[in-house]
Each structure stands twice: as structure tokens, then as C-alpha cells.
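From the two separate chains plus the hints, produce the assembled complex.
Chain by chain, the residues run as shown.
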Amino acid sequence: MDFKDSLDEEKFRQEARAWLAENAPAHELPAGKKLDDAEEVTRGRAWQRAIYGGGFAGITLPKEIGGRGGTIIEQVIFSEEEARYKLPKGPYIGIGLGMALPVIGKHGTPEQIGRFADATLTGDLTWCQLFSEPAAGSDLAAVRTKAVRDGDHWEVNGQKVWSSWAHHSDWGILVVRTDPTVVKHKGLTFFVLDMKSPGVDVRPIRQISGASDFNETFLTDVRIPDSCRIGAVGEGWSCCMTVLMGERLGQGNPGLLRKLARYAEDTPRASGTALDEPAIRLALADAMADERAERFFQARLRTMVSRGENPGALAAMVKLAYASRLQQSAGLAMEIRGSDALAPAAEDADTYDIWEDYIWSTAMRIAGGADEVLRNQIAERVLNMPGEMRADKDIPFNELK
Amino acid sequence: MNFDLSEENKILAEQARSLLAEHATYDRLRALIGQDAEWDEALWRALAEMGFLGARIPEEYGGLGLSDLDLGVISEALGRANAAVPFVSSIVGVADALALAGSDEQKLKWLPKLASGEVIGCFAYGEGKHGWRPKPSGVRFDGGALRGAKSPVADAGIADILVVLCDHEGAPNLAILEMDQANITRQKRRAFDQLRGHYEIRFDGAQAELLAHATPDLIDRLFDRIAVQQAFENVGAAEACIHMARDYTMERKIFGRSLASYQAIKHKLADCLLQTEFARSNTFYAGWVASDAPEQLPVAAAAARLSALRAFEGAARENLQLHGGIGYTFEANCHFYYRRERLNALSLGPKQYWADRLIQNMPDEQGEAD
Chain A
1347 MDFKDSLDEE KFRQEARAWL AENAPAHELP AGKKLDDAEE VTRGRAWQRA IYGGGFAGIT
1407 LPKEIGGRGG TIIEQVIFSE EEARYKLPKG PYIGIGLGMA LPVIGKHGTP EQIGRFADAT
1467 LTGDLTWCQL FSEPAAGSDL AAVRTKAVRD GDHWEVNGQK VWSSWAHHSD WGILVVRTDP
1527 TVVKHKGLTF FVLDMKSPGV DVRPIRQISG ASDFNETFLT DVRIPDSCRI GAVGEGWSCC
1587 MTVLMGERLG QGNPGLLRKL ARYAEDTPRA SGTALDEPAI RLALADAMAD ERAERFFQAR
1647 LRTMVSRGEN PGALAAMVKL AYASRLQQSA GLAMEIRGSD ALAPAAEDAD TYDIWEDYIW
1707 STAMRIAGGA DEVLRNQIAE RVLNMPGEMR ADKDIPFNEL K
Chain B
4 MNFDLSEENK ILAEQARSLL AEHATYDRLR ALIGQDAEWD EALWRALAEM GFLGARIPEE
64 YGGLGLSDLD LGVISEALGR ANAAVPFVSS IVGVADALAL AGSDEQKLKW LPKLASGEVI
124 GCFAYGEGKH GWRPKPSGVR FDGGALRGAK SPVADAGIAD ILVVLCDHEG APNLAILEMD
184 QANITRQKRR AFDQLRGHYE IRFDGAQAEL LAHATPDLID RLFDRIAVQQ AFENVGAAEA
244 CIHMARDYTM ERKIFGRSLA SYQAIKHKLA DCLLQTEFAR SNTFYAGWVA SDAPEQLPVA
304 AAAARLSALR AFEGAARENL QLHGGIGYTF EANCHFYYRR ERLNALSLGP KQYWADRLIQ
364 NMPDEQGEAD
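Protein sequences appear in the order of chains A and B.
Every position in the first sequence, counted from 1, becomes a number in our numbering once 1346 is added.
Every position in the second sequence, counted from 1, becomes a number in our numbering once 3 is added.
Next up, chain B with everything else stripped away, as it sits in the complex (with noise of 0.2 Å):
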């Protein structure tokens, strides 16, 4: 038994977090904002030089073929940093949609330029407040047309292809098109994080095909996966929140001693990195199963979420909170974290959603590693 990241985890991990405390500093994100920007594409262009963009796509389809456990260190990453960039719309959530359910010619297709970056994509599966995955969905597929309306949409200002969560002969299913046609209008909200654009999008018989091997076992699969990698993200923002808030306290100093030497703030801090710590081993263990035990993945991503969005909820909180009235400045960088908490805990289904599936789910006896 071996519970620790490999050298090769290791390394990658330390790549993606220098590359991102270069390119995505919070100065940067404050300008972002200020410009009402999209997203950083700067740094999507850094993360594509990489590899990092095509990290767990096969080598075949122009990525990296690493595996879960690998891009999960990116997330990690970016997570940390609380990156301006649609990593999870484009390649955990559109480039893994083809990927696994993907025709050939599909992958052929776009897998390459999702890897290289060239081409972004966002995947749309909210229907306002009939909520993240209705039964059955509005859009509908039909004879190579698909319409209906999807809200909130992440990303999809950038996006050059969609894949859209569908009905199609009374089954969900999964639909791949371009966004640049005439019957596809889109319309940007007002998003709550200020680093991710959300839109409106209708279609009134936009052309789409529907990805060959899409069933609905395979896309409650997909949203597994994809739950993997933002429990990663957001472990990675939890450790950041924890730290930001510990060197914030060390310095401040409140009737003659340092804020941090309270025992209130200590245990706050102690019980923040409990949590993290322990949703850490949860993710670790999740992106593991993703790869080599997919049999356990229903229950070890509803766990690695259930903790991972626990633990940076209290960590997003309590930094700001640690900050005091300065932590209510836009000139502090408590925010970023606080409105991304909201962004990753809402757009991926409720708590219920995955409280049920880990019951479900969960096996009889001790039938996985201890």
C-alpha cells in the first residue's frame, strides 16, 4: 500500500504551481475584473504550452495520455490560484465528454485542438431554475437540430463548441456543436464569480450531433469525473484560503499581540486544516479510483466533493472573516475565494444529489482498499 503522490504527480504539480504563481497573481485577477475581461488568455496560452491543457487527453487524440490522478494535481493548481480560465468547461468537462463518449471521427476532430488549446469549449446542462440537470430536459435533439434554452452557462463567451445536455427519444443524451451558426443566440448574465462569464444561450435549430456513445450511466459517469477534478480544484483553493489567512493573522497585531496567538483564530485555522487535509485524502483517493478502480467511482467522487466543497466553504469563510474589515476591501483577496466557493458549490448539482449517490451507492461489505 502507497498513499502518496508519485515523483511524477510530484513534479507536474510543482510545474503547474510555479507557472501559475508567475502568471496568475491576484493583482492580476483584480485587472481582469477591472477590465471586465472574459478570461486570462494569456495564461491559457501558458497552460497550452505546457501540455497541461492536454494533459489526460491520449496521446493518439494530441494530449499527454496522463492520467486522472496527473491533471488532478493541475486542478489542484488552478484551484489554488483561483485561475481566470475554462479549464473545467473545455477539458475536464467538454475534452473527457468526447473523450468518453466520443466517436472516433469525433476525437479526431476536436480532441487535438481542445489539447492544444486552439479551440475552447463549454459544456451547458442548467436550465434556470428547473435546475442542473432536469428529467427530461427542455433541449431537445432532433433530426441533427437541437432547441431549446440553457442557463447559466460557463465560459460561453469563448467557447467555439458546445456540449449540451439533451433529450432524445425520452433519454438523456449528449449533443457536440459549433457555437458560430445563426440559430444559436447567447446572452451574458451578471455572474456571481467575477472571473467566469455565464450566459444565456437559446437554440432554435442549431445543427449539433450527438456523441456516439453517449447513455445515461456514461454521463452520471462524466459528471463523477468531473467532480473528481473540482474537489481537486478546490482543495487547492481551501490550502490557499488557510494560508492566506495564517500569514494575514501572524502579522496583524490586536492589543499588543499577533492576531494568530489567539486561541480562537488557532482553532478555527487547526479545524479549517482538518478539513482540508482530510478532503485531500478523499480527492487523493478519488483520482486514483478514476483511473485504476472506476467500479468505485460513484461513491469515492460524492465523497471527495462532499468534503472538498465542505472544506473550502469554511476556509473561503473563515479567511475572510480572519481578515476583518480589510478583508471587505476589494484591495484583499479574500473575495476571489469567496465567490468561487459559491460558483463550484452550485454548479454541479445540489448536496442532495451526491449525498444520494454515495447512500446509493455505497457497497455492502468492505469491499474497497483500506
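In isolation and in its complexed conformation, chain A is listed as follows (with noise of 0.2 Å):
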């Protein structure tokens, strides 16, 4: 058990923390100030393309589709020098890295590749997800939008739901159904599609949070040519899969909770301050035992994966675990200000910051695995104990009731 970095780790390091002196502060947003959506990707995408020409962009891609060829500890470590900064990252282009380009380099043809995979890299292509639908959400393969062939292309009909930043972005990953008299999971097809393509309407959905980050997504007889087909028809599913892998091994949020420390100190009582008192110190520790505890166990993670060893379903307790901390730290925190924070002062950022927090965080509860979801997994797979029973199994999709 080692925690400092190796020497080829500290050389990578330097490099990147030397890189990154020079050429982030130019790329930095203003601080309190929110830019509107477009402007955000503007600066999203040239930071990203800086990222490209110093040679730090995909570090974990395989070279032969233009990333680093990396490890994920390079990957953890960038993130970490990157951090120091307030750059334009977003989920436009955290998808494209993330999910998009791991199942074009997986599943697709060599022309795919060359198509997708620098322009990816560069910014010059920003992507959304179009998985989830109305009636699929945590059963993913019940995905109902349909696509039929027609000659060298297909027709495509249905809607999705929940495409963060759909509206900004110019190509999708889309799961559909191609055959509807096999059992869910095999009747599914991958495809990529471009956003401007004739009969796709985007419109923003009003959230709890007054934001619209997702979207809903209508595909009315819109033609996707089957170049764009990645996998083979009815493998869908498996890339699917290819694309989720990579959603769960993500980064908490360091630090919150020594914000929030100093949050209750900045909170009068009647002799003192809020983080005098017991019952706070107590669950603020129990909060703090809790993050520290997120990042080592993310560290045993990556020592796995840096192994070539697949921590399956123990990736999915990062996600289960940093959620509802997350919506514990911040419901404690408004406990903690009091009726103040039910309606603070304007120049209060950060009790408005954890209004959004509070918000945010149960969006998180369900996104990405809902906790059920990931309970099951983790007992199923980590525990070994039984499946679910499912009523639809062994069930073509157009028999189920």
C-alpha cells in the first residue's frame, strides 16, 4: 500500500501541472457568474481542443483511436492538476470521451473510427445520450423507439428522455428497437445520430431545479443511414453495456464537507457558533468518515483496474453511496443555517449553493442506476444471492403484456 505517487506517476504529474500552468488560466470561466448554455460549449470545446494539442486528450483511449493509451492513475491524476482550475467541462463533452468514442472504438468499423474518433478528441463534435424513454428507464432494454430498414438506410420513430445537453450537441448515441418479436435484449441496435438530421425536435424539460440541463427528444421518421450502425443489428445491448461501464468509475466531490465545516461555523447560536454544538459535530464527523471513505474505496477501485482487474459491481457503491450523501450533507447544511436558509439573503452564494445541491441530489439518486437498481446489483453480483424474477423473461418484446 503506497499513496504517493510512483516516479513515472510524479513524472506525468509535473508534466501535466507544468501544461496546465501555461495554458488553463486563459480557458478559466469568471468566477460567480453563470454563462448562458451556448456560450458554455463555445468555451468547452476550444479548453477541450487545448487539451487535444497538448496531448492529454482521451488518456485512457487506445492510441489506434487517437487517445494516450494511458492508465486510468493518469487519468485520476490529470483530473486532480485540472481541478485546480475552473474550466468549461461538461457533460458535451464528458459523453463524447466517455461513452461515445469507448463503444465507436469497441464496435465500430475502422471507417467509424476514422470518422468519429479525432473529431471527437478535438471538440469539434460534442454528443449527447439517447437511451432512456418514458417507459425505460431502470429497464433500459425496454426501449420502445423503433427503427425499420429501408434499403441502406433506417426510419426511426419513437422519444427519448433525459439527453443532458441534447441542445447543444451535435451527434447522439441511440439505442432502438430493430426487432420486436425476440426477447428485449436482443432485439436492440446501436446507432450514432447526427442531431441536425430532418425530424429530430429537441425541447427542454422544466426541472424541479427551474433549469433545463435535460431534454426530451421526438424522432419523427427520421432517417439514419446505416453507416452509422454500430455493432451488428442486434447487438445493441452489448454496447450498451460497453457505454455504462464507463458511467460509474466517476469522481466524487472532495472537499464538501470541509465547506460545509466551515458553513456551520459561519452560523451564529447563541453562544458560539453551529459548529460547537454536539449533535452537529457528530453528524458532520459521520458525514466527513463518509467522503473520506468514498475516495479511498474509489482509490482501491482504480488499484483494480490499473491491474486489469474488473471491479464490477463494487463501482456501483460509489455512485449508490455518493448520492444520498450528497442530499444528506446538503439537507444538513439548511438544518444546520436554520429558517434563514429558507429564504437567505441575495448576497448568500453559499446557502444558494446548496439549495442547488439539495436539488441536484436527487436527480443523482436516480440517474445513472437508480439505488434500487444498484442495490440488487451489488447483492446480486457482489453477494451472490438470487436474481429478480422477471416477468418478461424468455418473453418476445411484442407478446408482453
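Just so you know, these hints were derived from the structure itself, not from any lab.
Here the structure is a predicted model, which is why all the values come from computation and not from measurement.
The beta-carbon is built from N, C-alpha and C at its ideal position, and this holds for glycine as well.
Careful: at least some of the hints might be erroneous.
Here are the simulated PhoX-like cross-link-like pairs (lysine-lysine), alpha carbons at most 25 Å apart as the crow flies [to be verified]:
(1) A:1542 to A:1492
(2) A:1432 to A:1409
(3) B:354 to A:1605
(4) A:1747 to A:1532
(5) B:191 to A:1350
(6) A:1379 to A:1409
(7) A:1739 to B:132
(8) A:1357 to A:1532
(9) B:191 to B:132
Facing chain A, according to a computed beta carbon distance under 8 Å, are these residues of chain B, among others [as the list claims (entries may be wrong)]:
(10) 35
(11) 36
(12) 264
(13) 266
(14) 281
(15) 282
(16) 287
Now the structure itself:
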């Protein structure tokens, strides 16, 4: 066990740090001001182009598709160093690098790789994910959006939902049903979709936060060339698994609890501050212990990955823990501040940030694997407990009630 | 960066685990309770023979000079087996107190015998209703003599020597003394954990000496280090509870299907496992810190203690619950852990102490490994 960088890691860190010192400041976002979405995406593309120029784009992606062919530890080191600056990083870049390219790299043809890999690594192409539907979330294989073959094209009809930043994406990764006469997992096929195609209608969803990061995407008689099919017809589910593997090994939000302790200290009580209250210290300490545990648990998973081991459903634990902790911590923060947190002074930016965390945490508990689905996965795949009874097992999709 | 046990750690863990699987069976625990035994002496001898007792004791004092992480994997195995031995008292407590604060002469006198298991130590710090570390202590060291009372003191019935947290000239200090003398009386109490004897001890001018280098800071560090080892124990015990519950619910049929196939059961055990794996991460880190980055010890130890106890608490309770009525019987094995969890939760100070220690010592910036 050793938490210090190895010689190679230290060398990589120095290289990344030096490059960032020279290049990152020019791309930093203005403090305390929210840019409009289009402006943020433009800045995000520019920063990604700079990263590409510096040789740090797609650190863990194989060299054959234009990545750096580096280790997951190097990716972590780069992200740590990058996090020292306030840079435009959003799903519009992350989905391309973390989802679209791995699936195109693994299941795509050399032509498809040539067409999409570099353009994505340079930030020229931004991506969104067109997976979930109103009746297919946790049960993703139940998607109804269908594609029917018509010569060298496919005609697609249906509705996708929760597509982050689809309104500012050039392309989407899409899973649809191409054969309703077989069991649900087997009738799916994977495509990439040009979001400017006729028949693609992106409508923002008004969220409980008031923002509209997510969209509904209606697909009406959309024609997709067969050259945009990724993998074989009927191989869609295995492509989805490749995509979702990448979704769970993300980063937490270190330092959240330290911020919370300062917030408590900034909240006066009859004598002293809220941070002097035993009950609050207990709750904060528990949350801090969790935050640290999550960080070290991720380090364990990265060690496994760097040795070529697959952490499997262990990775689900990170997301399961993080989302609930964010909700609990933000809820606790509001209680620490008390009634003032219900309608804070206009300049009280900290409390408004806590509102955002509290509201967003509830989406975190649902998106990318709902709590309940993750618990099933952990019980079944780590503890080897029995799977759920599936009423749709072995029944063709078009015969399901 | 490498966050995993080394091959050497893993071999040691496997040796400890297989030794305990052989010697420390649940039937053995039941027999010990039936005999009202103070401890499992045969197991203690076997642990000594394998060198486990002296694992962390420096080589020049008769030990193997291994790391805190090495001792940790042994603690974890002992926790998993719910072993009835005075390991925390004699090795994690007294031997470490001597190693940290003893003079060379004191170390030479006692450490080799603690390592070999020939001498057993117990660590007396609690003072009844006044709590685990009252300041000032009601036990005074003065002119080579100790006066006052301590309770509960674990493993005092089998101990040859004691380290006593006491007051000397207005500051906390540590005294060491031999049990076999006229002005010490010990009275056995009924103990919540049936596998570890607890005593009240009265000192009436007992002959003692101070450990040469005990300072208040060092005493805090000693408790941090005990907390780290006990976190390993708690993680091992939590894992044992989860596996016991999983195995039982897989076997047990209810309404025509296995109990383990119900989501209510799966979700409980998934949560217990998450808590335990997270606690293990904090605990491994604290084990590494204890040897390699001691400046981070207070925070790492407190975090390990808080999360490992939470994991053990949940797992011990749910394990019994998921066994249903059979879990409430002496013949089932849930109760060993259900009692041991309370022993570990209450014996090393309240949650509040560790919460305060964590918050007070939290570094301002990311001054630690990521």
C-alpha cells in the first residue's frame, strides 16, 4: 500500500501541472457568474481543443483511436491537476470521450473510428446520450423507439428522454428496437445520430431546479444511414453495456464537507457557532468519515482497474453512496443554517449553492442507475444472492403485456 | 498510487484466518461460555506460536517488527472469528503503550514476554460512571504508589501486568505495575460480552512506576492507534455477520422461495456490505497512516473508528434480525457478534470524542493522499 505517486506518476503529474499552468488560466470561467449554455459549450470546445493540442485528450483511450493509451491513474492525476482551475467541463464533452468513443472504438468499423474519433477528441463534435425513454429507465432494455430498415437507411420513430445538453450536441448515441419479435435484450441495435437530421425535435424539460439541463428528444421518421450503425444488428445491448461501464467510475466531490464545516462555523448560535454543537459535530463527522471512505474506496477500485481487474458491481457502491451523502449533507447544511436557509439574503451565495446541491442530489439518486437497481446489483453480483424474478423473461417483446 | 494490501500482508492475513478457522469455532465459543471461562487459552498459545502476538513488537524486544497494517490484518481475522482472547488488551494496548512510552529498561523487561504470550497485560482506563478517561483521573500516582479504582477493566482476571491511565502532578500519565501484590483487589463483574471478563480493580497504595515518556499527547496517540486496530477487528466482524446472514437466507425457504431472493433482504445486506467496504477503505488507510504518515493519524483513526463501528453495528443487528427466531437462540451464532459490537462500541470512548477529534484535526486543504 502506498499513496505516494510512483516515479512515473510523479513525472506525469509534473508534466500535466506544467502544461496546465501555461494553458489553463486563459480558459478559466469567470467567478460567480453563470454563462449562457451556448457560450459555455463554445468555451468547452475550445478548452478540449487545447487539451488535444497538449496531448492529454482521451488519456485512457487506446492509441489506435487517437487516445493517449495511458493508465486510469494518469487520468485521475490529470483530473486532480485540472480541478485546480475553474474550467468549462460538461457532459457535452464528457459523453463523447467517456461513452461515445469507447463504444465506437470497441464495436465500430475503422471508417467509423476515422470519422468520429479525432473530431470528438478535438472538441469539434459534442455528444448526447439517447437511451432512456418515458417507459424505459432502470429497465433500459424495454425501449420502444423503433428503427425499420429501408434499403441502406433506417427509419426511426419514438421518444427519448433525459438527454443532457441534447440542445447543444452535434451527435447522439442512440439505442433502438430493430426486432420486436425476440426477447427484449436481443432486439436492440446501436446507432450514432446526427442531431441536425430532419425529424429530430429536442425540447427542454423544465426541472424542479428551474434549469433545463435535460431534454425530451422526439424522433419522427428520422432517416439514419446504415453506415451510422455501431456493431451488428441485434448487438445494441452489448454496446449499451460498454457505455454504462464507463459511467460508474466517476469522481466524487472532495472538499464538500470541509466547506460544510466552514458553513457551520459561519452560522452563529446563542453562544459560539453551529460548529460548537455536539449534535452537529456528530453528524458532520459521520459525513466526513463517509467522504473519506468513498475517496479511499475509489482508490481501491482504481488499483484494481490499473491491474486489469474488473471491479464490476463494486463500482456501483461509489455512486450509491455519493448521491445519498450529497442529499444528506445538503439537507443537514440547511438545518444547520435553520430558517434563514429558506430565504437567504441575496449575497449569501453559499446557501444558494446548498439549495442547488439538495435539489440536484435527488436526480443523482435516480440517474445512471437508481439506488434500488444498484442495491440489487450489489446483492446479486457481489454477494451472489438470487436475481429478481423477471415476468418478461423469455417472452418476445411484442407479446409483453 | 497503490491501494491494496501487499503480498506479505495477504499471506499473513490468510495464515491468521486459517488458524482461527481451525481453533476458534463457534462451538468452541459456546463451550467457553458454558464453562464460564475467562478466555481461550489454547488459542492464545497457538497465536503466540505463530508469532502473531509479537507481530508489531520491534525485533530487538522479541517481536517480528512488522507494520501496523500487518497487525491490522491479524486484528481483522480475530474480529471475524469473534475470538475470546485478550489481544486488544495485551498486545494492541499494553505492548503498544510500552513501545511508545516505555524506557528501554521497561521495554526489555516486558515486551519479549508479551510477544511470547508468557505475560498478559490489561489496560485500565475507564472509571465507572465517570467515563472512559475522566480528567483528572480519580487514580493518583504518587511516590511510586497508586491509589484509586478502575472499572470496567477487560481481561484483568488473567492479566499479569497492568498499564493504568492515572493522574500524576495534575496531568494524565501511564503507570505500569504487576498484578500479583497485596494492595490490589480485583472483583469480577457480570460482563455484557460473555467472552471477555471485566473487572473492577482497586489500588490501595499498589507499587507502580510511570512509563518513562508518557505525555498527554502520546496518550491520545495511543488511543488513536488502539482505535485503528479495533477498526480492523470491527470490519472483520461486520464481514462475518454479512456472510452469515447471506448464507442463512440463501438456505432458508419462505413462501416457496429462498429468503435471500426478497428485495427487502437483498437491499439490507447490500447496504451492510457498502458500509463495510467503505469502512475497510478508511481502516486500511488508517493502518497505512499509523506506520507511514503519522501526522495524519488523529483524523484517519477517528474516521476509521466511526465508519467501522457503524458498519459492525448495522451488520450485527441485521444478521440477527434476518435469522428470525432462530437468531434469538443460544445455538445460533448471531449473539456473539451482537454482544461484541457493544463491547467495541463502548469501550474506547463515546462517538462524540471521535467526532470532535476528526473535526478538530481536519486539515484545511487537501494535505493528504488522494
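Verification of the hints:
| no. | hint | result |
| --- | --- | --- |
| 1 | A:1542 to A:1492 | 19 Å, holds |
| 2 | A:1432 to A:1409 | 28 Å, violated |
| 3 | B:354 to A:1605 | 22 Å, holds |
| 4 | A:1747 to A:1532 | 18 Å, holds |
| 5 | B:191 to A:1350 | 49 Å, violated |
| 6 | A:1379 to A:1409 | 38 Å, violated |
| 7 | A:1739 to B:132 | 61 Å, violated |
| 8 | A:1357 to A:1532 | 47 Å, violated |
| 9 | B:191 to B:132 | 17 Å, holds |
| 10 | 35 | 30 Å, violated |
| 11 | 36 | 30 Å, violated |
| 12 | 264 | 4 Å, holds |
| 13 | 266 | 7 Å, holds |
| 14 | 281 | 4 Å, holds |
| 15 | 282 | 7 Å, holds |
| 16 | 287 | 7 Å, holds |
Hint check: violations occur at hints 2, 5, 6, 7, 8, 10, 11; the rest are consistent with the structure.
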